[in-house]
Amino acid sequence: MSAAATVAAPRRARIDLRDPAWLLAPVLAFFAFFYVVPLADLLHLSVAGDAGLSYYARVFEVPLYRESLVRTFGIAAAVAALCALFGYPTALLIHRARGTWKLVLTAAVVLPYFISVLIRTYSWMVLLGRNGPINKLLLSLGVVDAPLPLIFNRASVLISIGAVLLPLMVLTVGGSLARIDPLVQRAATASGAGPLAVFWRVLFPQTLPGLLAGLLLVFISALGFFITPSLLGGPADQMFAMHITQQADFLASGGFLQSLAAVLLAVTLLVVAVAARFLGLEFIWGGQRAGRPLRDAAPGRLAPWRRAVLGRAAEFVGWPLLRALGAVPAWLGALVSGALAAVAFLALLLPIAIAALISFSDSAYMRFPPPAYSLRWYEKFLADPAWMASLGTSVAVGLLAAALSVVLGTAAAFGLVRSSLRGKSAWMTFLVSPLIVPGVVLGLSLYSLFLRADLAGSIFGLAAAHAVGGIPLVLVIVAASLQAVDTRQEQAAAVHGASPLRVFRFVTLPAIRPGVLAASFFAFLHSFDDLVLSMFLSGARMTTLPLRLWGNVNYKLDPVPAVVATFEVGLIVAGLFLARSAWAARQRH
Amino acid sequence: MSSIGTDIPLAGLALRAPASVRAASSSSIGSRIDIRGLSRRFGRFTAVDNVDLQIEPGEFVTLLGPSGSGKTTLLGAIAGFAAVDEGDILVDGRSVRRVPPHKRGFGMVFQHYALFPHMTVEQNVGFPLRMAGLGRAESARRIGETLELLHLGEFAQRLPAQLSGGQQQRVAIARAIVRRPPVVLMDEPLSALDRRLREAIQIEIRELHRTLGTTIVFVTHDQGEALALSDRIAVLDKGRIVQVGSPGALYRQPGNEFVARFVGESNLLDARVLRSHGDTVVLQADGTHSFEARHVGASLAAGRQVKVLVRPERVTRVAPGTAGALAATVESTVFLGEILRVDAVLPGGARVQMRCLDPRDGRLPAIGEAVHLAWQAGDAWVLA
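So the protein lines, in turn, are chains A and B.
Quick note: the first sequence uses my numbering, first residue 1, plus one each step.
Quick note: the second sequence uses my numbering, first residue 1, plus one each step.
Some clues are possibly wrong.
As the list claims (entries may be wrong) - With a cut-off of at most 25 angstroms between alpha-carbon atoms, the simulated SDA-like pairs for lysine to any residue come out as follows:
1. 103/B - 131/A
2. 556/A - 159/A
3. 103/B - 159/A
4. 103/B - 324/A
5. 424/A - 96/A
6. 307/B - 203/A
7. 103/B - 342/A
8. 103/B - 203/A
9. 103/B - 380/A
10. 103/B - 556/A
11. 103/B - 317/A
12. 102/A - 82/B
13. 103/B - 323/A
14. 103/B - 204/A
15. 103/B - 102/A
16. 103/B - 183/A
17. 136/A - 342/A
18. 102/A - 81/B
19. 102/A - 43/B
20. 103/B - 81/B
21. 136/A - 45/B
22. 103/B - 331/A
23. 380/A - 133/A
24. 103/B - 22/A
25. 102/A - 83/B
26. 103/B - 133/A
27. 136/A - 159/A
28. 103/B - 185/A
Claimed, not checked - Residues on chain B that point at chain A, a partial pick, calculated with CB under 10 angstroms:
29. 42
30. 109
31. 130
Calculated directly from the structure, the hints in this document are not laboratory data.
Fair warning: this is a prediction, and the values are worked out from it, not measured in the lab.
Don't be surprised by glycine CBs; every beta carbon is placed ideally from N, CA and C.
Just chain B, with the same shape it has in the complex:
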C-alpha cells in the first residue's frame, strides 16, 4: 500500500474549502495550534483555567485527566463548540475565536460515534466532502480511498445500525479524516469499545497519524491509552494543565504527586532529606535505612519532608543483608498472568507495591513472609 498522505492532491480541496483556516504546506498538512491563556467558566465553576499549550504541526497531543478536569471543554473550545471567556486559540498563527465550528475545517471523532443514522456508511463519510463542495466523481474517489484505508470497503452501503461497535468507530474516523483536515480532534473515541478492539484501533489510529501527518488532539481519561498513542501528553487537573511532556518523561519524572498517581502505578513514600549533592538526594523513610534518589531543580535542604516515587516494577526482592535493602512484610500477592503483584508493609506502616515477572519456579511469596526490597538509586524520583 502506498503512502496515502502524499499522493492525494490537497490543493484543489484547499481552494474550494470554505474559508479554510490554514495555508496548505507542501511537506506536512498538519496545523500548528497555539492556545493562549484560555479560560472557560460555567457560573462560579471554572472548567478551563488559564491554559497555555503549543501544539506543533503534525503532532499527536493527548489531553489526559480525570472526569471534570476540563479536557473535553478544552477540546470543545478548539473545535469551536464551547465559548471562550478569556484567551485565544491560534491555528497557524491566525485567531479562530470568531470562526464558527463549521468553517474551521477540522475533523472530529465523537465519544459515541455520532454517526448520521439515516445515511449509509458512504453518505456519512462523504458528508464533509459534500459540505466542502467537492464534485461527485472526486468525492467518490476520496470516499473509496478512505474506506479502503479503514478496511470498510464492503460496508459502504450499510446503515450505521447494521454495523458493530468497532466498525461504527472506524466509520467515525473515516468521516473525520476524509477531507484530509489539518487537525483531527478525538473525544474519548475508544471508550465504548472492549479492550481488545480498543488496542486494535489504537494501532490503526497511530498508523493513520503517521500516514496522514495531520495534527491530532486526543482526549482520554485512560492513561494507558495516552502513553501508547501520544507524542506529548498534557495532564489536566481542575481545569489547569499540571504537566506537559512526552509519555516517557511523564512516567519517569512526574512533576507532582497528581501526575505520579494518575500516570502508571506508583509507590509514594514519605521521606526526610538527609543531604543532597547535585541531582542525587539521600533520603530516609520511616523505619528504613537511608537510600538515594534523583531530583532535578533547586537543591533540597537537609531535614525537609518530601514524597518519593518508586515505580512498582523497579522494586526488586533481594537477599537479606543487601546494602540499602528495606525489610518488609508481605500483605498480599496477586497473580496477574505475566506479572506478579506483591503488596508489602514497611515497619513504619507505609505500603510498597512490587511488580515482577511471574517467577519461573512458580513460588509466590506467602502472606506474612518477611522480604527484603530494594531499588536502584536512579529509580527513586523525588517530588518537590
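One chain only, chain A, in its complex shape:
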C-alpha cells in the first residue's frame, strides 16, 4: 500500500509531456507580459494616486466626452445597420453564384478586407473629395453647379466606416449560409412555400445567428474606430477613441487618458457580454455554438399571454401576408437584393480602382481624372530614402511579428486542440480576446510598459505588440485546420513505426500546412497594416510605412499613398492566388 503510494506520487507530480497542454505555456507567458499586465497597469493608472474615481467622473461629467460616447454608439449602430442592409444581400448573391463567378465575387470582398484601413480611408477621401471623381461626374453631367461637400460630414463617416467593415459582415453571414443544407430550401418549396416564404421562414432564421454575429462584430469594431472619422469626419463627428489619440503627450494628462481607455474597453466588453448570452462567445472567432440553433420562437420561454398574442398575430397577419407575398415573383426579390449587392460591390471596389488610377497620374498634385499617365509617383516612392526606410521597417516588423505569431499561435492551437485540458472554450476566449480590445486601448496600455522596459522604438517591441493581435488570428485558423485533420491517419503512422515527432513531420504538418501558410500571411498583414499601435509605440526614432502614410495624408493629399495602395493590392492578390492554389491542391486529395 505505502510502496504503491511512493511509486505513484512522483509520477503524478511530474508534468505529462505527452499531453500537449504545456504548449500553451509560451503563449500564456507572452500574453502575461504584453497583454494582461499592461491592461492591469492601465486600469491601475486610471485610479492611481489620490485620483480615485475622479478621472471617471470627469469622463461622464464633461459634455465633450459624454456626448462623444453617445455619438460613438450611434455611429457604430448606424454602421452595423448599413453593413447588414448591404452585406446580407451580398453574401446571398455570393452563396448562390457558381464556379468562377463565385470566386471572383468572393475575391472582391476578401481583397478590400486585407487592405489597410488607412489606405482604404485615403481612397474614400479621394473619391468623395471636392475635386474627386464623384463631384467631377456630377459637374460634367450638369447635375450641380458647384462641387458638393461630400466629405467631412456624418454621411461620409458612416459610408466609409461601413465600407471598411462591410467585408466582416459579408464573410460572417456567408459562413452561416454555407452551413445550410441546400436541400432544405427545396424541401420548403416542395411543401408549398413561395420564394419569399422560403427566404423568410427557412433561410433567414438559419442565418440569424450569423447576421447577429456580423452586426456585433461590426458594432464592436466601429466603437474603437479613429482613423476613418479623423480623416473623413467634421468637428461634429468626434468619436470616442479619437480623444485618446489626439493628446500630444500621453503622459501629461496623468491617469485621465487611461480612464478614457478603460471606459472604451468596459463598454466594448459589456456589448460582448450581452451578445455572448445569445450567441455564445464563439461568435468572436467565427464559430457557432454547437447543437443549439436559435429557435425562431422559443415557446417554452414566453409568457402564455404573449404566446397567445404572438400566435394570433402570426395567424391573422404574418402567415396570410407571407402567403399573399408568395405571389411576388422570384425575380423581383432577386432584383432588389441584386441592386443592394451591386451597391456593396461598388463601395468595396470603386475606391481601390480610383486609387490605382490615381497612382499612375502624371500630375504634380491631386487631380481627377489624371491629365496624363506616368510612373512618376512610383519613381518618387521608390527613389525616396525616407519612404524606402519606412517600408523596410514595416517589412522587418511584419516578418518578425508573423514569425512570433505563427510559432506561439500554432503551439497554442496544438495545446488547445490536442490536450485533455478542461474549459477549452474559456482558454480559447481568453486567447482570442485581443481581437475585440480596441487598438487604442491596447496601444495606450503598452505605452507605459514600453517606456519602462525601454522597448519604445525597437523593432522587436513593435513586432511583439503586433503579435498580440496576430496570435489570435493564427490560433483560430490553425486550430480549425488541426480539427479537420483525421487523427486516424496519425494513428496509422504511429502503428507503422513513426515516432511522435515523425508523425507530426509526415502526417500532421502536411495536413495543416495551408492553414499555417494562410495564418502567416494574415499575421504579416495584421502587422504591416497597423497604424494604431505604431502611433503609440514607435517612439521618435522609428517610422513605419503606415505612420509615414498617416503623416502624408494628414499633411497633403498626393498620389503617393495610392502607389502604396496599388502595391498592397498586388501583394494581396498574389497572396490570395497562392492560397487558392494551396487550397485547390488540397481539394484534389
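Given chain A, put chain B in place with the hints provided.
Chain B only, in chain A's frame:
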C-alpha cells in the same frame, strides 16, 4: 386504428390549397401522372432521354437505376425543380410545365431528410399546412394525427438534431404526407439508414401507401428495396427507361441483359439456338448437353447466339446421369446463413452460381468437387 385515408375531410384543404393541380376525387386521392417524351440535357450530357411513363392514380412506382442513370433528374422534373428541355408532364390530364414546384401541391421526402433545423418536429410537419393556409386548430389536429400515424407523438417538441436517423426520416415522411397530397415523391429516402431500420421503414411506407391511397414515385438504386415496395418498377439506364413492369415480371422475364444483371442475382450463359417451337427454345451452351428455355416474342432462328438467364436459386444439384444435367466443378462455397451459395465452372469456362437452402446435414460441397447441376425448362429465360 381506423383507416386514416377516409375519415379526413379533403375538400376543405383542396379548396384552400393555392392552385392545387388536381381535382379531388371521392374514391382515391392519388393523381395520374403522365410523362411524355421528356428530355433533359446538361451541355452535351443527356440526363433524361425521351422518357415516356404513365403512372396510374394511387400507384407505387419506383424509378430504379444505377447512379447517373437519370432517375433523380426525372424525379426532379416531376417535382418541378429540374427544367425540362423537351416533352411534358401531365398531372390528371393537365400540363404542369409552367407550374412552379411550390404550387404543384406534392409531398416530397429527400435523401438526407432536409428537415428545417431551426423548427421543432411539430413546426416541420406543420409547415406545408401553414403554406396552404390552414387554420391553427385544424393544423394542430392534422399534425397530431400525422405524428401519431408515424409514432412520433412524443417527439413533437424536439428539434431535428435531437432525433435519431430513423426518427428524422419519419418526420420527413410526416412532413411529406401531412397535406394528404395526391402525389408523394421520395428520393432515395432510406439510403442513410442501416439495414434493419431500412426494412422497418419500408414496411411503414407500404402501410402508409395502402392507407392514404396517394400516388408514390420512389427513387432508389437498391433493387431489393424496389422489389419489396413497388406496384411497378421503371428501370433506367443512361437516361432511358429500359423496362417497366411489376417486380415479378422484371425478375422472371427481364427484357435485356442490363435488367437481368441489375435486378436480382443472375447466371447469364452464352448459348446457341438448336431449334425453337412456340415459346420453347432448345439451346446448347459451350460443352453442355442441350437444354430447354422459354422465350416470348419473335421466334429465334437455329444457329443464333443468345444469352440465357437462370436465377441461382433455380439451379439444383442432381445425381450424376440425370437427363439434361450439366457437369461442373465447384470453385467456391459461401455460407450466408439460411442460404448456401456455390460457384461452379462448366467445362467451357462459363461460371454458374447456385443458391440453395443450407443443407440439413451441414455438408458443404468441397472446392474442386465434381457436381451435376440442372434446372427446370421453365426456369431458363432467353434474352433476345
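(request) Starting from the hint list further up, note which numbers the structure goes against and sort them upward. (result) 1, 3, 5, 6, 7, 9, 10, 15, 21, 24, 26, 29
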